Amino acid sequence: MTVSGEAVHRLQQELTAAIDEADIQRGVALARDALSQGISPLDLIQDVIRPVMKDFGEAFARLDIFLPELMGASVVVKAMQSQVLEPAIRQSGGNSVNQGTVVIGTCQGDIHDIGKNMVSLMLQVNGFKVIDLGTNVSPQTFLDTARREEADIIALSSLLTPSLPYMKDLLKRLEGLGERDRYMVIAGGAALSEEYSKRAGFDGYSEDAITAVEICKNLMKQRKGAQA
Amino acid sequence: MRTYTRLLDVFDRAESGPMIEESQWDMNLVPKTVARLLAEYDIKMKPVNETVVLQDDALADRLFAAGLQMAQELGVYCSSTSRRIIFSRDEILNALEVAPVEVTLGDGNDRHTERKRKVEDSLFPTIKGGGVGTPLPEDLYLPITQSYVQEPLIDAVINCTLESVYGREIRSRSPWEILAGWHEVELSKAAAKRAGRPGIPLGVIENAVSELGELSATSYGGASLNDWHHIAMISEFKTDYMAMAKLAHLIRTGAIIHSFYNTIYGGSCGGGDGMALAIVGGCILLQMVYMTNTHSVSPAHPFYGNNTTPEIMQAIGLAQQALARNTRLLTDVVLTPVSGPGTKTLLYETAAESITATVSGACGLIGPRSGAGVNNGHVSGLEARFNAEVARAASGMSRKDGDVLVRKLIALYKPILEQRPKGLPFNEVYDVTTIKPLPEWLQMYEQVKNELREMGLPLH
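Residue numbers (my numbering), protein chains in the order written: chain A, 72 to 299; chain B, 64 to 523.
Below are the DSS-like pairs computed for lysine-lysine, each with C-alpha atoms no more than 30 Å apart in a straight line:
#1 B/Lys181 to B/Lys471
#2 B/Lys477 to A/Lys125
#3 B/Lys95 to A/Lys125
Keep in mind the hints are simulated off the structure, nothing from the lab.
Note that the coordinates shown come from a computational prediction; the quantities given were computed from them, not determined experimentally.
With the hints as extra help, turn the sequences into a complete structure.
See below:
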């Protein structure tokens with residue numbers, strides 16, 4: 072069923088209101104109603120959820136809203152996905168709506184996590200499955216988790232210069248074990264520069280949560296293009 | 064020491080307090096508590112286009128009450144044990160009652176006493192000049208540090224970090240961190256001697272990301288106990304065994320403790336109102352957990368890393384007023400402009416934040432951490448001299464007059480914040496042999512001082 076522009080607009084407004092009021096049940100009910108009206112889960116995600124979350128992401132980029140509001144939006148949308156949309160997609164034999172799987176963490180030797188949390192959340196509201204390993208994460212833990220979760224991207228954060236060697240250790244480990252092509256590795260945080268990142272051999276570098284999402288989207292496009 | 068019994072309480076409670084997952088702490092408990100207390104205590108600052116340096120004592124006092132309540136309700140999260148270290152209201156009030164109102168830093172003739180200041184106090188704030196952890200090339204560490212020590216208006220130095228040690232990459236919590244900690248002390252002490260101020264208090268150990276650097280370099284032949292030794296509380300309100308190992312060592316050796324907490328604008332505590340609350344609650348919790356002599360705050364912008372945006376400066380100013388009016392705590396502000404040396408905007412940003420902090424009752428001004436501390440070697444002593452001169456001129460000034468100046472300065476640099484003007488490295492703004500500012504940088508500094516005089520700041 073094709074969703075009319077008017078219906079899309081109405082659903083977007085309803086979802087925005089549910090998020091503004093942090094009303095999880097209203098979001099879940101909206102998803103159920105939409106499906107019962109014949110709107111497909113993928114259309115709902117593509118035409119309603121992603122544009123609304125994009126608006127929230129952009130509002131955060133302008134600092135019109137802050138992390139708690141972004142977290143609230145993420146909670147509502149996650150509930151819609153897990154309680155209504157994913158079961159419906161599975162029932163119809165469709166593919167997951169996951170944009171890609173990202174293993175993220177603050178590198179060994181560093182315990183700062185607010186910036187990493189922002190990236191993690193922005194990726195989630197943009198449809199990525201994110202496994203957040205927290206802080207002071209060793210290269211081997213990144214690798215073990217990426218293998219277990221069949222990750223596409225490993226995202227490394229660091230605020231402190233002395234934790235940079237541990238970032239490079241992960242690249243060396245992947246190369247040494249012949250798994251460098253299996254994962255795309257991106258890095259970010261105040262300790263790094265784009266120049267350092269390129270020299271070290273990372274697949275992407277981001278200064279903030281907003282560009283991190285764009286980089287992950289581009290990398291996933293490249294990966295899907297290469298697989299096609 | 065009178066706080067020693069609390070040290071054992073802190074360690075005990077880190078192992079017996081209520082357990083909570085870190086993600087729940089970050090994403091649920093902290094933001095919800097902050098939002099609720101902001102509403103309960105009616106904390107709402109004016110729009111920054113109206114006032115940056117607020118002059119509302121009732122609001123400052125409500126902010127303090129809310130911060131006290133927050134400290135009591137939340138406590139500090141220990142990520143090593145996943146437990147909350149909690150204190151009763153009486154324990155907090157008792158600790159605030161006995162907190163020191165002055166501390167003497169440094170050794171011999173170079174000692175300096177930092178004292179409690181009030182809002183609009185005419186007492187000069189303590190000036191702690193330096194790049195605050197900015198990484199420096201190893202060969203320039205000594206001359207750059209000397210460029211700060213040699214400034215007579217600077218009372219203490221805050222060290223930078225080393226980019227490498229003996230040409231090797233520094234790796235945290237490894238033997239390299241120990242060598243880096245020692246090398247930092249050797250080089251900064253050598254700079255102090257060269258400048259004729261061997262006992263000047265140094266902010267150390269900046270290379271101690273973990274406990275290893277601090278425990279090794281604060282020992283025989285290393286940093287003095289009268290230097291000011293740093294311990295961090297990670298955003299938001301978190302500690303761990305690495306920080307507490309530093310704490311145990313510093314308390315048992317009798318060293319001066321300086322702790323800091325840098326909340327993030329737009330993060331778990333939200334915008335300016337939440338940030339102001341976090342600063343007040345954070346400083347109280349620093350005192351509770353680390354038994355600190357001096358405290359500092361350097362909130363950060365999530366995209367630029369600086370704290371000179373009007374919203375952040377407004378929060379810093381109000382929080383300082385709340386703490387100055389209601390506690391004995393010695394609270395400092397770290398100046399973190401986005402611009403680097405060789406730019407006029409660095410001086411405008413520095414002046415705006417220096418005035419905001421000084422008239423709001425900050426006891427010490429630290430920095431400036433030029434270029435938000437991320438551009439290797441992009442710091443110099445001249446901006447610290449400038450900060451000292453502005454702070455002296457602003458001491459005794461009313462908040463109302465300070466606000467007029469601050470808003471004029473913001474208008475000069477706000478349009479360029481997004482560009483993050485990196486400026487020039489030390490060796491392009493100073494002669495590295497004579498350790499004197501080069502004419503272009505000196506001329507720019509004089510020009511901006513004249514502009515400030517024309518705006519009404521009584522600079523000498």
